[in-house]
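K.L.:
Hey, can you work out the whole structure from these sequences and the hints?
From first to last, the protein sequence lines stand for chains F and C. Positions in the first sequence are counted from 1; adding 2 to them yields my numbering. Positions in the second sequence are counted from 1; adding 2 to them yields my numbering.
Among the hints, erroneous ones may be present.
To be clear about the criterion: a stretch of chain C counts as covered by chain F if any three or more of its residues have a C-beta under 8 angstroms from a C-beta of chain F, and this derived list gives those stretches [said to hold, decoys possible]:
no.	segment
1	35-48
2	73-82
3	117-130
4	192-204
Hints are computed from structural coordinates only; laboratory data are not their basis. Just so it is clear, CB atoms sit at the ideal spot from N, CA and C, and this is done for glycine as well.
There are 2 protein chains.
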Amino acid sequence: MICIKIGIISIGNEIVKGRTINTNASDISNFLTNLGYEISYILACRDIKEDIGDSLEFLFHKCDIIITTGGLGPTVDDITVESIALNLKLELVLNEYAYSEILKKLTERGMEFTPERLKMAIMPVGAEILYNTIGTAPGMILKYNGKVIFSIPGVPSEMRAMLPEISRILGPSGMEYYSLEYDVKGLLESKIASYVKELIKKYNYEMLIKTHPESRETQNRKVTIEIYGYGKSRKRLEELAQQIKQEIDSIILNKL
Amino acid sequence: MICIKIGIISIGNEIVKGRTINTNASDISNFLTNLGYEISYILACRDIKEDIGDSLEFLFHKCDIIITTGGLGPTVDDITVESIALNLKLELVLNEYAYSEILKKLTERGMEFTPERLKMAIMPVGAEILYNTIGTAPGMILKYNGKVIFSIPGVPSEMRAMLPEISRILGPSGMEYYSLEYDVKGLLESKIASYVKELIKKYNYEMLIKTHPESRETQNRKVTIEIYGYGKSRKRLEELAQQIKQEIDSIILNKL
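P.N.:
Structure (C-alpha cells):
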C-alpha cells in the first residue's frame with residue numbers, strides 16, 4: 003500500500019558514540035509518519051566521508067527519499083554535502099542561492115564571510131537549497147536517479163524548522179496514519195501473544211498490534227498496547243482500532 | 003588505532019516510526035565507548051525479516067561485532083533470531099540452555115510453557131545464550147565467520163542488565179576513551195572553526211575537537227566544546243585535553 007520509502011541518516015560522532023540521544027531522527031520520523039509516510043530505516047554514522055557514503059549507498063538501494071541531518075555547518079567535521087557529492091560522483095560548485103542567503107544573514111548580523119562560512123554554500127551541481135529560518139547553514143535538496151536527498155542541519159531547532167518545507171515538497175502521501183495506545187496493568191505480554199497474532203490475521207493486517215512491556219517483566223507489570231496502521235481513510239482506521247481494542251479488552255477480561 | 007568495529011541494530015517499528023526515542027542504542031554505545039571500544043554505525047529497522055537481514059548484511063561488511071536489540075520476546079513481531087538465522091542460512095533448533103532457563107523462570111513464577119514462550123528458546127545452531135537476569139527471554143551470542151553477533155532484549159532494563167556480560171565476553175579493548183566538555187557562552191562556532199581545524203592538526207589527530215551549538219545560533223549563543231579521543235594511556239589523554247582546552251581558551255580570549 004505504501005509506496006514511498008523514506009530513510010534517515012543522522013551524521014555525527016556524538017550520536018554514534020552515545021553522547022547525544024538521537025531525538026532528531028525520532029522527531030523527523032514522527033512528523034512524517036503522522037503525515038502518512040513510512041520510514042524504513044534510521045542510520046547513524048560518524049563524521050567520516052566513507053561512512054557517510056556507505057550509509058547513503060545502503061539507503062539508496064532501499065528508499066526513495068533520504069533525509070540526512072547534521073554536518074552542514076562551518077566546522078572541519080561538517081562534511082555531509084562533500085561526502086554525498088563524492089559518493090554520487092557529482093561536482094561541487096558554489097551554489098548562488100546558498101551564497102546569497104548566507105551573505106544576507108552574515109550582513110544582517112554584522113559577521114564576516116570567512117572561508118569556513120563560504121563552505122556552507124558549496125553544493126553539488128543541481129542542488130537546491132532549503133531555507134534555514136533560524137541558523138546560517140542552508141539545507142540542501144538533491145534529486146538524483148529518481149531519488150531525492152534532503153540534507154538538513156543537526157541543531158534540533160534548525161532541523162525542526164525545515165520539516166514543514168520538506169513535507170510541502172514531498173506533497174501529500176495519500177495515506178493516513180492512525181495509532182491508538184493504552185496501558186494495561188498487571189498484564190504479561192506473553193499471556194496475550196497468541197490472541198494478538200490471531201487478531202492481526204483476523205483484521206487482514208490492516209492494523210498492527212504491538213505490546214510494549216515496561217519496567218521489570220514480573221514486577222509492577224504494565225503493558226502498553228498499541229494498535230496502528232496506514233490506510234486511505236482515517237475514519238476507517240479509527241473504527242478498526244476501536245473494534246480491535248474491544249476484542250483485546252474482552253480477551254483480557256474473559257480468557258486470562 | 004582502534005581495531006574492533008562495533009555496529010548496533012535497534013529492531014522495532016516503534017523506533018523507526020518515531021514513537022520511541024532510541025535510548026537503547028545510545029546506552030549501549032555510551033557504555034562501550036567508555037570502555038575504549040568504538041561504535042561505527044547505529045541502525046534502526048522495522049520488524050520485517052528482510053529489513054533485519056539487510057541491516058545485518060550491511061553491518062557484516064563494516065563491523066566485527068554486531069549488537070541487536072529488540073525482537074526477542076514471545077509476540078508475533080519478535081522475529082530477530084529467526085531473521086538472523088534466515089539471513090545467515092543457519093538452521094534453527096531448540097537451544098537446550100535457553101529452554102531450561104525459560105522453563106526455570108516460568109516454573110518459579112507459576113507460568114505456563116506456551117508455544118509463544120517456547121519460541122524464545124529456538125536459536126540458530128551453535129548459538130549460546132546470554133542470561134536475562136530480569137525478564138524471561140534469553141539473549142543470544144552467535145559467532146559466525148569471525149564476527150560475533152549479540153542479540154539482547156529491547157526492554158531497557160533487560161538490555162542494560164546484559165551489557166556487563168557483553169563487555170566481559172569482549173574482554174578489554176586495550177584502549178582508553180576520554181572526553182572533556184565545557185560550555186562557552188556568547189560564542190559562535192564559526193568564529194573558532196578555523197582555529198579548531200588547526201588545533202586538531204597540531205595535535206596530530208590524537209584528540210578530536212567538536213563544537214556543539216545550542217538553541218538559536220544567534221540568540222542566547224552557547225557552544226559546548228568537546229575534546230575527546232582514544233589512546234593507550236588515560237593520563238596522556240587527560241593531559242592532552244587540558245592542553246587543548248588552554249589553547250582554545252586563549253584563542254577565545256585573545257583572538258575573538
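K.L.:
Take the hints in turn and mark each one as holding or not.
P.N.:
Hint by hint, here is what the structure shows:
no.	hint	result
1	35-48	holds (count 10)
2	73-82	holds (count 5)
3	117-130	holds (count 3)
4	192-204	holds (count 6)
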